[in-house]
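*Asks:* Quick note, the sequences are listed as chains C and L, same order. Going by numbering that gives the first Met the number 0, the residue at position 111 of the first sequence is 110; the numbering climbs one at a time, nothing skipped. Going by numbering that gives the first Met the number 0, the residue at position 271 of the second sequence is 270; the numbering climbs one at a time, nothing skipped.
Calculated directly from the structure, the hints in this document are not laboratory data. The structure displayed is predicted, hence computed values, not measured ones. Please note that a few of the clues may not be correct.
Footprint (simulated), chain C over chain L, 3 or more residues, beta carbon under 8 Å [unchecked claim]:
1. 243-251
2. 277-285
Beta-carbon label-pair distances, calculated as ranges [said to hold, decoys possible]:
3. C:ALA84 x L:HIS199: 26 to 32 Å
4. L:GLY210 x C:SER284: 45 to 51 Å
5. C:ASP51 x L:GLY12: 34 to 40 Å
From the three backbone atoms N, C-alpha and C, an ideal C-beta is built for every residue, glycine too.
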Amino acid sequence: MSGVDLSVDLAGVALPNPVMTASGCAAAGRELDQFFDVAELGAVVTKSIMRDSRSGRPTPRMAETPSGMLNSIGLQGPGIDSFLANDLRWLTQRGARTVVSIAGSAVGEYAELARRVGAIAGVSAIEVNISCPNVENRGLVFACDPAQASTVVAAVRREVPAEIPVFAKLSPDVTDIVAIADSVMSAGATGLSMINTLLGMAIDPETLRPVLGGVTGGLSGPAVRPVALRCVWQVHAAMPDVPIIGIGGIRTGFDALEFLLAGATAVQVGTVIFHDPSAPMRVVSELAAELAERGFKSPAEVVGFAHRSGDAE
Amino acid sequence: MTVTHPVAATAQGGPLQVPAEVVSLGPAGDYLLLTLAAPGIAERTRPGQFAALAVGGPQSSMLLRRSFSIYRADPDADTLEIVFAVHRKGTAWLAELQPGDPVDVVGPLGRPFELPDQPVACVLVGGGYGTAPLFSLAQRLRVRGCAVHLVLGAASEPRLFGVAEAERVADTVTVTTEDGSTGVRGRVTDVLSDLVRRTHSGQVYACGPMGMLRAVAAVAADHDLPSQCAVEEAMACGVGVCMTCVLPVIGDDGRTRMTRSCVDGPVFAGDRVRWDAVGTVPADTVGAPTGGGH
Numbered sequence: 000m001s002g003v004d005l006s007v008d009l010a011g012v013a014l015p016n017p018v019m020t021a022s023g024c025a026a027a028g029r030e031l032d033q034f035f036d037v038a039e040l041g042a043v044v045t046k047s048i049m050r051d052s053r054s055g056r057p058t059p060r061m062a063e064t065p066s067g068m069l070n071s072i073g074l075q076g077p078g079i080d081s082f083l084a085n086d087l088r089w090l091t092q093r094g095a096r097t098v099v100s101i102a103g104s105a106v107g108e109y110a111e112l113a114r115r116v117g118a119i120a121g122v123s124a125i126e127v128n129i130s131c132p133n134v135e136n137r138g139l140v141f142a143c144d145p146a147q148a149s150t151v152v153a154a155v156r157r158e159v160p161a162e163i164p165v166f167a168k169l170s171p172d173v174t175d176i177v178a179i180a181d182s183v184m185s186a187g188a189t190g191l192s193m194i195n196t197l198l199g200m201a202i203d204p205e206t207l208r209p210v211l212g213g214v215t216g217g218l219s220g221p222a223v224r225p226v227a228l229r230c231v232w233q234v235h236a237a238m239p240d241v242p243i244i245g246i247g248g249i250r251t252g253f254d255a256l257e258f259l260l261a262g263a264t265a266v267q268v269g270t271v272i273f274h275d276p277s278a279p280m281r282v283v284s285e286l287a288a289e290l291a292e293r294g295f296k297s298p299a300e301v302v303g304f305a306h307r308s309g310d311a312e
Numbered sequence: 000m001t002v003t004h005p006v007a008a009t010a011q012g013g014p015l016q017v018p019a020e021v022v023s024l025g026p027a028g029d030y031l032l033l034t035l036a037a038p039g040i041a042e043r044t045r046p047g048q049f050a051a052l053a054v055g056g057p058q059s060s061m062l063l064r065r066s067f068s069i070y071r072a073d074p075d076a077d078t079l080e081i082v083f084a085v086h087r088k089g090t091a092w093l094a095e096l097q098p099g100d101p102v103d104v105v106g107p108l109g110r111p112f113e114l115p116d117q118p119v120a121c122v123l124v125g126g127g128y129g130t131a132p133l134f135s136l137a138q139r140l141r142v143r144g145c146a147v148h149l150v151l152g153a154a155s156e157p158r159l160f161g162v163a164e165a166e167r168v169a170d171t172v173t174v175t176t177e178d179g180s181t182g183v184r185g186r187v188t189d190v191l192s193d194l195v196r197r198t199h200s201g202q203v204y205a206c207g208p209m210g211m212l213r214a215v216a217a218v219a220a221d222h223d224l225p226s227q228c229a230v231e232e233a234m235a236c237g238v239g240v241c242m243t244c245v246l247p248v249i250g251d252d253g254r255t256r257m258t259r260s261c262v263d264g265p266v267f268a269g270d271r272v273r274w275d276a277v278g279t280v281p282a283d284t285v286g287a288p289t290g291g292g293h
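Please model the entire structure based on the sequences and the hints provided.
*Replies:* This is how it looks when you write it as structure tokens:
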């Protein structure tokens, strides 16, 4: 592809390209494997798994919004036992690199999940979802409080072998994302995934009531991309050595490049998968073309490039 | 986002994502009939499956796919036909399509209707344009030697779909309208019980709004007949990854789970869906919240 080598080193994990699926937008890869080879992706990031099976919220669970959507799924999932026996096993056998996203309602649950997942050979990394807005008690969004966030991350780090990177997934719904980033890095995170959805809502024009069964939900899609990019920019500016996975509304190869320029080492494609199930691999090839067009040979060359003064070019 | 070439499914017979092209678009009663040249999809399609269409073009601000049950799939012409009504922006965009326009299509999706092993008489019930998948089903059933009794219902005559075609594919046709503008005044379930009894039917199929399916499933159960109901649940992706199109369904183990209508449906056994609980999470659902909500 025009002499571009897309491989990246993400906190010590070698990936053939910097494009992953975003948690909650690709289930555990199996459905998308019908449209492209999931083993060719940088990695599959699985839907956040909790200790026990979980029904999630009542429908309606989604509402389309301009260039985005709201969801209030409520972390529906089969629980860790079924996940390990079925989903993770399938991904491993399929040869896909896997980042396992974990979510808990208490610190102990995160620690238990981290221990179980960390014991499985072939897990590329763990992503700690401390930022899902679809929890019963909004006060439980750990990522909105530096002390809570660092407690969870420290508990996870303690349970996971050192060679497995731990990425903390942050919420944009905070006043100072750099402060949260700093606290989770101090607690032992290897890197950061930014961003999770923004809390939002919509009202139905016919019923004049909230559209979502859960009333509020997480806003995602291209509509949130500028917010995500700003978060990546701010954190990279404050701590340039921290590996960042950029997430938020990536639809094209240039969108992915934008995140790299702002300071991300890798990216995740999420909501756009619902629009285009082959989007992740399309973004891979488009990113290669965007890099080639600008004379870059690898993604690593452009990480944080937008921060450098014009003279440096 | 428009793909420029078909994205082949790795699973045999699985869905394809193809750059389809509009062949024709025209009125059908109160509805619109859209014919798409969608390479490779028709030959994989079985009755009851659906297609998910991207709307608004490559730069669309409407991210969610619109899913429609497949009315006709013609492998020789390599075309798909869907029937739709204009509700909001997405379907309004579809209604403006011209022959030759590109549309990104994913299909066929979902579980089709299961066909009976024996040549039993079957009653097929459709509400509004929910009748769309029943015509190809009727043809398959008759090939297997099943007598087909079709019931088409709607609020009024223009809201019916496919009455003329029904005469060609079914042994008997019963039409109901709520306003009595044609056929029997009332609802499909007003005629269903008597029809099932008279025809000695062994199987009921249905497609239409949730309330109708619930009523049809109840009538079938009253007669100790199996029913297969194709649900119309709102979906974002149609392919099984978004988890928005769930409804409470009882599994083989007798336990209720929030089940995806896109990959585990849209066709469900009528006695497995917790019809009265659609839109809720019943307390005995696997993983239901123990206090408050999720």
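*Asks:* Evaluate each hint against the coordinates.
*Replies:* Now for the hints, and whether the structure bears them out:
1. 243-251: holds (count 4)
2. 277-285: holds (count 6)
3. C:ALA84 x L:HIS199: 26 to 32 Å: Given about 46 Å between the Cβ atoms, the range is violated.
4. L:GLY210 x C:SER284: 45 to 51 Å: Holds - the Cβ-Cβ distance for L:GLY210 and C:SER284, about 46 Å, lies within 45 to 51 Å.
5. C:ASP51 x L:GLY12: 34 to 40 Å: holds, 35 Å
This entry does not satisfy hint 3, going by the numbered hints stated previously; all others are met.
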